[in-house]
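Trainee: Residues per chain, in single letters:
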Amino acid sequence: MGRYVLRRLLQMIPVFIGTTFLIFVMVHALGDPVAALFGDRAPDPAVAAQIRAQYNLNDPLWLQYIKYMGKLFRWDFGTTFSGQTVTSQLAAAYPVTLKLTAVAFTIEVIFGIGLGLLSGLRRGRTADHSVLILTLVVISIPTFVTGYVLQYLVGVKWGILPATVGFDVTLQSLILPGIVLASVSLAYVARLTRTTVAENSRADYVRTATAKGLPKRRVVINHLLRNSLIPVVTFLGTDLGALMGGALVTERIFNIHGVGYTLYQGIVRQSTNTVVGFVTILVIIFLLANLLVDLLYAVLDPRIRYA
Amino acid sequence: MPSATRVRWAVIAVTSAALVATGCSSSNSGSSTNGNGVVRAWWGDPANPLEPANTNEVNGGAVMNMVFAGLVQYDPKTSAPSNANAQSITSSDQQNWTVTLKPGWKFSDGTPVTATSYVDAWNYGALSTNKQVNASFFQYIQGYNDVAPASGSPTAQTMSGLKVVNDSTFTVALSQKFTTWPQTLGYNAYYPLPTTFFTNHAAFLNKPIGDGPYMIQSYTRSQQMQLVPNPDYSGTNKPQNGGINLIVYTDPNAAYSDLQSGALDVDNTLSNTAIKTLAGGPSGGRFLNTPAGIIQTISFPLYQPQWSTANAALVRQGISMAIDRDTIVKTIFTNTRTSATDWTSPVLGDAGGFKAGLCGDLCTYNPTKAKQLIEQGGGIPGGQLTISYNADGPHKDWVDATCNSINTVLGNNNACVGNPIGTFADFRNQITSQKMTGPFRTGWQMDYPLIQDFMQPVYTTTGSSNDSHYNNQAFDNEVNTANAAPDAATSVSDFQTAEKMLVTDVPAIPLWYQNGTVAWSSHVNNVMLDPFSVPVYTEITVS
Numbered sequence: 001m002g003r004y005v006l007r008r009l010l011q012m013i014p015v016f017i018g019t020t021f022l023i024f025v026m027v028h029a030l031g032d033p034v035a036a037l038f039g040d041r042a043p044d045p046a047v048a049a050q051i052r053a054q055y056n057l058n059d060p061l062w063l064q065y066i067k068y069m070g071k072l073f074r075w076d077f078g079t080t081f082s083g084q085t086v087t088s089q090l091a092a093a094y095p096v097t098l099k100l101t102a103v104a105f106t107i108e109v110i111f112g113i114g115l116g117l118l119s120g121l122r123r124g125r126t127a128d129h130s131v132l133i134l135t136l137v138v139i140s141i142p143t144f145v146t147g148y149v150l151q152y153l154v155g156v157k158w159g160i161l162p163a164t165v166g167f168d169v170t171l172q173s174l175i176l177p178g179i180v181l182a183s184v185s186l187a188y189v190a191r192l193t194r195t196t197v198a199e200n201s202r203a204d205y206v207r208t209a210t211a212k213g214l215p216k217r218r219v220v221i222n223h224l225l226r227n228s229l230i231p232v233v234t235f236l237g238t239d240l241g242a243l244m245g246g247a248l249v250t251e252r253i254f255n256i257h258g259v260g261y262t263l264y265q266g267i268v269r270q271s272t273n274t275v276v277g278f279v280t281i282l283v284i285i286f287l288l289a290n291l292l293v294d295l296l297y298a299v300l301d302p303r304i305r306y307a
Numbered sequence: 308m309p310s311a312t313r314v315r316w317a318v319i320a321v322t323s324a325a326l327v328a329t330g331c332s333s334s335n336s337g338s339s340t341n342g343n344g345v346v347r348a349w350w351g352d353p354a355n356p357l358e359p360a361n362t363n364e365v366n367g368g369a370v371m372n373m374v375f376a377g378l379v380q381y382d383p384k385t386s387a388p389s390n391a392n393a394q395s396i397t398s399s400d401q402q403n404w405t406v407t408l409k410p411g412w413k414f415s416d417g418t419p420v421t422a423t424s425y426v427d428a429w430n431y432g433a434l435s436t437n438k439q440v441n442a443s444f445f446q447y448i449q450g451y452n453d454v455a456p457a458s459g460s461p462t463a464q465t466m467s468g469l470k471v472v473n474d475s476t477f478t479v480a481l482s483q484k485f486t487t488w489p490q491t492l493g494y495n496a497y498y499p500l501p502t503t504f505f506t507n508h509a510a511f512l513n514k515p516i517g518d519g520p521y522m523i524q525s526y527t528r529s530q531q532m533q534l535v536p537n538p539d540y541s542g543t544n545k546p547q548n549g550g551i552n553l554i555v556y557t558d559p560n561a562a563y564s565d566l567q568s569g570a571l572d573v574d575n576t577l578s579n580t581a582i583k584t585l586a587g588g589p590s591g592g593r594f595l596n597t598p599a600g601i602i603q604t605i606s607f608p609l610y611q612p613q614w615s616t617a618n619a620a621l622v623r624q625g626i627s628m629a630i631d632r633d634t635i636v637k638t639i640f641t642n643t644r645t646s647a648t649d650w651t652s653p654v655l656g657d658a659g660g661f662k663a664g665l666c667g668d669l670c671t672y673n674p675t676k677a678k679q680l681i682e683q684g685g686g687i688p689g690g691q692l693t694i695s696y697n698a699d700g701p702h703k704d705w706v707d708a709t710c711n712s713i714n715t716v717l718g719n720n721n722a723c724v725g726n727p728i729g730t731f732a733d734f735r736n737q738i739t740s741q742k743m744t745g746p747f748r749t750g751w752q753m754d755y756p757l758i759q760d761f762m763q764p765v766y767t768t769t770g771s772s773n774d775s776h777y778n779n780q781a782f783d784n785e786v787n788t789a790n791a792a793p794d795a796a797t798s799v800s801d802f803q804t805a806e807k808m809l810v811t812d813v814p815a816i817p818l819w820y821q822n823g824t825v826a827w828s829s830h831v832n833n834v835m836l837d838p839f840s841v842p843v844y845t846e847i848t849v850s
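Read top to bottom, the protein sequences are chains X and C.
The working numbering applies: residue 1 is where the first sequence begins, and numbers increase by one.
The working numbering applies: residue 308 is where the second sequence begins, and numbers increase by one.
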């Protein structure tokens with residue numbers, strides 16, 4: 001087990017270098033960012049040259065990357081064109097997005113698995129059909145539509161919850177964006193759970209457990225659900241990273257100054273330091289989430305072992 | 308450094324805690340308070356650090372104007388310049404100026420505003436190693452080329468044209484005659500700086516200190532800034548409210564939702580949909596749509612041989628006449644633009660150099676003549692017209708509509724197409740490195756309300772924003788004559804003589820003047836926009 005974890009951690013190094021380099025190249029492919037700093041005015045050549053030198057923009061790309069990585073290993077993420085350090089941007093944006101992700105993830109797990117279980121156990125009945133129709137509707141409507149509609153109805157028209165999140169991040173203000181962010185994944189989780197639960201409910205071990213006279217509750221939770229969760233956990237694990245990176249639309253609609261929005265600003269302003277810094281952290285989260293998922297298999301199904 | 312360590316720990320904690328993300332505790336409050344006459348206003352994240360000579364966009368500029376006061380200020384209604392901190396700015400030859408300051412002015416940290424505050428600030432702004440994006444604003448001062456040479460390192464640290472005479476007087480020697488120079492000094496690049504700017508630069512950037520009507524109480528980058536009235540302010544624009552909370556929004560629609568739900572008071576970033584609703588009426592009249600000092604144009608790459616011939620001039624004229632401005636303004640922009648009839652802006656007023664109809668037939672939609680001129684000029688160079696624009700801005704709709712108008716005139720659905728370029732940076736880069744092959748969108752937001760600002764930087768051969776690389780000696784000479792004119796009125800009329808040359812040369816087609824729009828909540832009154840389309844924050848009252 002320990003060796004397996006170590007091997008996985010070592011495998012992360014090339015993945016990490018590869019992804020950061022790709023991002024670095026992609027941001028640079030957008031062109032020279034210095035011109036935009038001067039607005040509609042042509043850059044003063046003297047000043048533009050000084051700025052290019054400050055951000056190493058005159059070096060060949062590979063050298064810029066090496067210089068960047070060298071600093072990164074000393075935990076220096078550089079600064080943006082507005083003079084802000086990327087570390088302070090990270091420290092401001094990640095906690096907000098983590099809160100949003102936590103809310104969304106909780107909603108996704110509770111309602112996704114709950115609805116899936118309900119639907120899987122009552123296959124063909126009204127409850128099952130309602131869940132299937134509901135999830136189909138959620139999947140087919142784009143997130144920004146759900147977002148704006150919910151914001152208008154709940155936030156503006158009825159005034160039940162705050163319309164935007166803003167500076168003051170409270171649990172209450174995160175509920176609405178959390179629902180929007182979770183909605184599509186929630187539908188997938190529900191459908192995935194429904195299928196495996198329906199399949200496994202006819203399995204031998206479930207019949208055995210029922211025949212043993214175990215209470216229905218124990219049969220469902222300890223035997224049926226536990227075995228049905230493996231594909232769901234795989235999905236949830238990869239979805240955690242996707243939620244954080246994919247929060248862009250939700251964050252813009254609800255005025256959340258999190259990872260998605262800061263990343264978007266970084267791309268628009270071509271601040272390489274911001275984009276690569278944020279993506280670097282996202283990559284690490286994604287890799288760790290995947291590792292955790294793989295380790296969870298063994299917890300759910302003891303037959304799976306790692307050497 | 309303890310604070311750096313703390314940030315570092317925060318990042319480490321965040322990354323390692325990613326998988327066990329805990330719930331949400333309510334963090335510090337304060338932004339949503341609405342007592343004591345505080346106005347909550349929309350704001351966008353400034354693109355550059357908050358230094359006067361490094362701020363060239365509207366979000367940073369709004370703060371600069373609240374926190375600083377300079378030698379000159381502009382009337383928010385008429386754009387007329389008047390002295391703010393300057394007692395007098397005089398010259399006998401339009402080239403060597405003497406500036407005298409009013410006594411008793413102070414920065415909000417208690418230090419006095421002196422001649423040195425200006426001279427040091429201007430020298431700092433001009434020196435190329437300080438990387439200030441507004442450095443070129445000092446180019447008319449003698450010695451600018453030594454502190455910001457086009458190549459190589461600066462050979463001097465200060466400009467020879469600036470001299471401190473005593474605490475309240477300094478002299479400025481310009482490298483050319485410039486009659487209207489004093490009227491340019493309201494721009495934020497010319498604000499004075501306190502000593503602390505130079506001694507503790509990092510602290511200043513976190514919380515700029517100025518001599519303006521407001522001072523900064525707190526500033527959280529990319530989130531919000533709280534401003535309160537500055538008790539040391541000696542000028543005439545005293546705040547009529549208890550302070551301004553500038554709140555950064557990620558999206559215009561989010562701001563509008565907050566305005567509707569009562570969490571925001573002043574919103575000057577309205578989306579097209581919001582404007583359509585507001586112009587429709589039910590907002591209780593709390594909506595304003597008023598001209599700003601911004602003109603939008605389509606420029607031609609005159610450095611390309613196919614666009615610089617005599618025939619191409621006819622084609623350029625024809626294209627201008629093929630654009631149905633009035634219809635586009637109405638349908639695409641919901642009347643938040645005004646069809647252009649010259650190359651300046653109505654906010655200048657007649658005295659400032661605006662002349663309605665100067666453009667004449669060139670700016671009048673005339674399908675027959677347009678087609679005739681384009682054919683006479685040998686058709687569109689290369690057979691197809693591409694209008695480039697940056698795709699990260701809201702330009703696609705009007706570019707498509709403009710092309711559509713041209714196509715209809717020419718009876719050819721492929722005569723004109725839009726050419727989106729990914730980012731503003733790349734777009735500007737292709738323009739400044741002369742890589743454009745066809746026309747492209749250009750916009751000019753004035754720095755100060757003067758016809759000079761609409762002509763000299765944009766259309767003189769060495770102009771800092773001459774994107775079409777228009778090169779006309781007669782035009783340059785006329786601009787020089789205008790700058791050397793003995794008084795402002797003569798100067799303005801000379802500039803208009805120069806402007807008339809643009810009618811035949813057409814380096815750029817005037818499209819429309821941009822309006823500023825603002826909507827406000829029932830909680831505030833007396834909201835208006837200045838000629839730069841920024842709310843006049845000091846005048847807003849809270850009910």
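Keep in mind the hints are simulated off the structure, nothing from the lab.
Mixed in with the good hints there might be a few duds.
Said to hold, decoys possible - Simulated coverage check for chain X against chain C, where a stretch passes if three residues somewhere in it have a Cβ under 8 Å from a Cβ of chain C:
(1) 2–12
(2) 154–168
(3) 178–185
(4) 195–201
(5) 251–257
(6) 271–282
To be verified - Computed cross-link-like contacts, DSBU-like style, restricted to lysine-lysine with a CA-CA straight-line distance of at most 35 Å:
(7) C:Lys583 - C:Lys703
(8) X:Lys157 - C:Lys703
(9) C:Lys583 - X:Lys67
(10) X:Lys157 - C:Lys742
(11) C:Lys484 - C:Lys409
(12) C:Lys545 - C:Lys637
(13) X:Lys67 - C:Lys514
(14) C:Lys409 - C:Lys545
(15) C:Lys676 - C:Lys703
(16) X:Lys157 - C:Lys662
(17) C:Lys409 - C:Lys384
(18) C:Lys678 - C:Lys703
(19) C:Lys662 - C:Lys583
(20) C:Lys703 - C:Lys742
(21) C:Lys742 - C:Lys678
(22) C:Lys514 - X:Lys71
Stated by the list, open to error - Far from chain X by the CB rule (all over 12 Å, computed), these chain C residues:
(23) Asn437
(24) Ala442
(25) Ala617
Quick reminder that beta carbons are idealized off the backbone N, C-alpha and C, glycines included.
Trainee: For C:Lys545 and C:Lys637, compute the direct alpha-carbon distance and say whether it is at most 35 Å.
Mentor: Answer violated: C:Lys545 to C:Lys637 is near 38 Å, above 35 Å.
Trainee: Next pair to validate is X:Lys157 with C:Lys703; report whether the Cα-Cα distance is within 35 Å.
Mentor: Between X:Lys157 and C:Lys703 the Cα gap is close to 32 Å, so the pair holds against 35 Å.
Trainee: Are 3 or more residues of the region 195–201 of chain X near chain C, judged by a Cβ distance of less than 8 Å?
Mentor: It is violated, with 0 qualifying residues against the three required.
Trainee: Count the residues of the region 178–185 of chain X whose Cβ falls closer than 8 Å to any Cβ of chain C, and tell me whether that reaches three.
Mentor: violated (count 0)
Trainee: Counting residues of the region 251–257 of chain X that have a beta-carbon nearer than 8 Å to any beta-carbon of chain C, does the count reach 3?
Mentor: holds (count 7)
Trainee: Against the 35 Å threshold, does the CA-CA distance of C:Lys409 and C:Lys545 hold or violate the hint?
Mentor: holds (17 Å)
Trainee: Starting from C:Lys662, check that the Cα of C:Lys583 is at most 35 Å away, please.
Mentor: holds (30 Å)
Trainee: Are the Cα atoms of X:Lys157 and C:Lys662 separated by 35 Å or less?
Mentor: violated (47 Å)
Trainee: Given the hinted pair C:Lys583 and X:Lys67, is their alpha-carbon gap at most 35 Å?
Mentor: violated (50 Å)
Trainee: Measure nothing beyond the straight line between the CA atoms of X:Lys157 and C:Lys742; if it is 35 Å or shorter, mark the hint as holding.
Mentor: Distance ~50 Å between X:Lys157 and C:Lys742 Cα, so the pair is violated.
Trainee: Is C:Lys409 close enough to C:Lys384, meaning Cα to Cα at most 35 Å?
Mentor: holds (24 Å)
Trainee: Can you confirm whether the C-alpha distance between C:Lys484 and C:Lys409 stays at or below 35 Å?
Mentor: holds (26 Å)
In the structure shown, a violation is registered for the earlier hints numbered 1, 3, 4, 6, 9, 10, 12, 16, 23, 24, in ascending order.
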